[in-house]
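Dock chain B against chain G, hints included.
Heads up: the sequence lines are chains G and B, in that order.
Throughout the first sequence, residue numbering follows the working numbering, covering 23 to 356 in sequence.
Throughout the second sequence, residue numbering follows the working numbering, covering 23 to 356 in sequence.
The set of hints was computed from the structure by calculation and includes no laboratory data.
C-beta: ideal position from N, C-alpha, C; glycine also.
Please note: incorrect hints may appear among the correct ones.
Chain G is nowhere near these chain B residues, computed Cβ spacing over 12 angstroms in every case [as the list claims (entries may be wrong)]:
#, residue
1, V49
2, G52
3, A66
4, G98
5, V141
6, A151
7, N185
8, E204
9, T205
10, S268
11, K276
12, P300
13, S301
14, D302
15, R310
16, F347
Only pairs whose alpha carbons sit at most 27 angstroms apart, straight line, appear in this in silico DSS-like list of lysine-lysine [stated by the list, open to error]:
#, chain 1, residue 1, chain 2, residue 2
17, G, K261, G, K280
18, G, K276, G, K265
19, G, K265, B, K166
20, B, K166, G, K269
21, G, K166, B, K269
22, G, K166, B, K68
23, B, K46, B, K68
24, G, K261, G, K276
2 protein chains.
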Amino acid sequence: MNHTLKEKRPLPMKIAGLGKYLPKRVVSSGELEEMCQLPEGWCARKQGVVERRWAEDESIAFMAARASEQAAAEAGIVLDEIDLIINASPSFDRAVPEQGAQIQKELGLGQSGIPCISVTSACLGFIVALDLAASLFLTGRYRKILITTAEITTYKKDFSNPNVSTLMGDAAAAAIVVPPEETENCGIHATLMETYSAASDVSSVSRDTAHNTLFNQRLTSADIGFDYNPENLQATAMKYNQKFLSKLWPMSNKDRVKLVIPNQASRFVIDMMKFVFPSDRIMGVIDRCGNTGAAGYPLALCFAVEEGRVSRGDMVLMSGIGAGFSLCGIVFTY
Amino acid sequence: MNHTLKEKRPLPMKIAGLGKYLPKRVVSSGELEEMCQLPEGWCARKQGVVERRWAEDESIAFMAARASEQAAAEAGIVLDEIDLIINASPSFDRAVPEQGAQIQKELGLGQSGIPCISVTSACLGFIVALDLAASLFLTGRYRKILITTAEITTYKKDFSNPNVSTLMGDAAAAAIVVPPEETENCGIHATLMETYSAASDVSSVSRDTAHNTLFNQRLTSADIGFDYNPENLQATAMKYNQKFLSKLWPMSNKDRVKLVIPNQASRFVIDMMKFVFPSDRIMGVIDRCGNTGAAGYPLALCFAVEEGRVSRGDMVLMSGIGAGFSLCGIVFTY
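Isolated chain G (complex conformation):
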């Protein structure tokens, strides 16, 4: 069961514009180390995080909308031209209505009729959404899809668990994707996803009781605190990652990849890629943003484009692990 594309022609998908939003409040690792009584430099050494942002008065829809506006401007389109909004992150301001609709409203598109859906898989939603967008372009119904990711995970600041409380950061990133013109060589060369829920406990919310739904009156903050065991996660990731990568993309072709974007989950999962690719091709933003969940992939791509680390025509590989336990990867020409 291998979902890697076998076609010689890439699937049609061009990232026409990218945008990001970082909350105003900057939280340095020094500040957190003092608060959590950790040795100086602990966050950078252990997590690779130097600073991160915490949302204060910003909502998830607000952050997503600001990132989306930047992406649309870069793509040279006005917001009304968007014909589908895909929210690709699991965070939401309100459980109902659909978070995509809440973003549509924040964009001033409340009367537009533009359809809004959510496509999520923990941290991996952006990759899944890129892949679905390409399949939708094949059916010819959509021409300009907005994919947004915005995460606020830092409300629960449990300082007794510094593994999590020092790691997480809030951020939003967005992309406008379109079918490429005939003359452009943008497109998806391979995608692959595998889920092994037998290993789901390496990264999950604390309690495995049923009834922890959002509609549950008995819900407590202990039920909804995200947790993970760094050692278990690392062992599981190591076990699966290299084999997965070689299924996603033939290692004989790895020199064609100009930029590698691992999941921006921790320093470890970024460093893990250095066993396979040269360090200078690997993009990490965990140092400046922390673990930003589903926003990590597009955020890293956005920074890479801004900093000239990737140009039109370059091949990009995004691949990483996510809570599930899932592995998900994509290779595309930017």
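Using the frame of chain G, we list chain B on its own:
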């Protein structure tokens, strides 16, 4: 901006098997009317609900898995043959990992590697997922997709608000979808979705404060109580529905539709369809199940097939409103 398919050939999509799970605990309207001090017969008259189920020891993943097993059996496949699991409902047992992965685990497929994602849009996820599945079949990577919907919304039983507490029911329904054989005429003839978030407040969770995320320590049950205003909802639905239907499917072709499945949200939204289609073609299960959220569409289809109201080769129209405010519809040959 009209996403109705213009192609003469339908998009490839065959519902090969359907399954459902209803919680054991049956709650009659008489019981609830006594509890809420409502006049006898109020629930049936006002909501169209005679009885509904409430999950007690069943989890969302458990219900989804049992429905999925029945769908796979009906499709004549073993679970290992599934190559993608799409969770199409917003309810979840735990926020992380991904609910699709939690269902995979409950199905005993934890080591399978079958990819798991969520595709949601409040009550409309099943229709969106059917449409995406067809687009994925076009790319040739998937052959057997499991779409699950399972909702538990009755934890918060706020009996001071009988509009909601007597309306909701818990249920799961699932479908195995496959690309049809050349000789089969199954497929999607039209799909359409429109979101008008300007009208989002007709159906939403109570408070419009930011920070009501699942990771919010300050979360209270008042923040997460679903609410809607029946009068506003009805007025908004009436305003949009008929125009939407005529965009989805030419009314000159309406006689070709054998079965109409409205959103199973309330008696009103089912009755609204009677302005357009003959009563005997309209399928409702709200009387026996209540409003089961995203499970409503596949649940109604499952009952319709069991009861012989639809057969292979018949044309089915699903269309309705969902929190967003969204309208979403599909016309397919079963």
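- prompt: Going back to the hint list, which numbers does this structure go against?
  reply: 5, 6, 16 and 22
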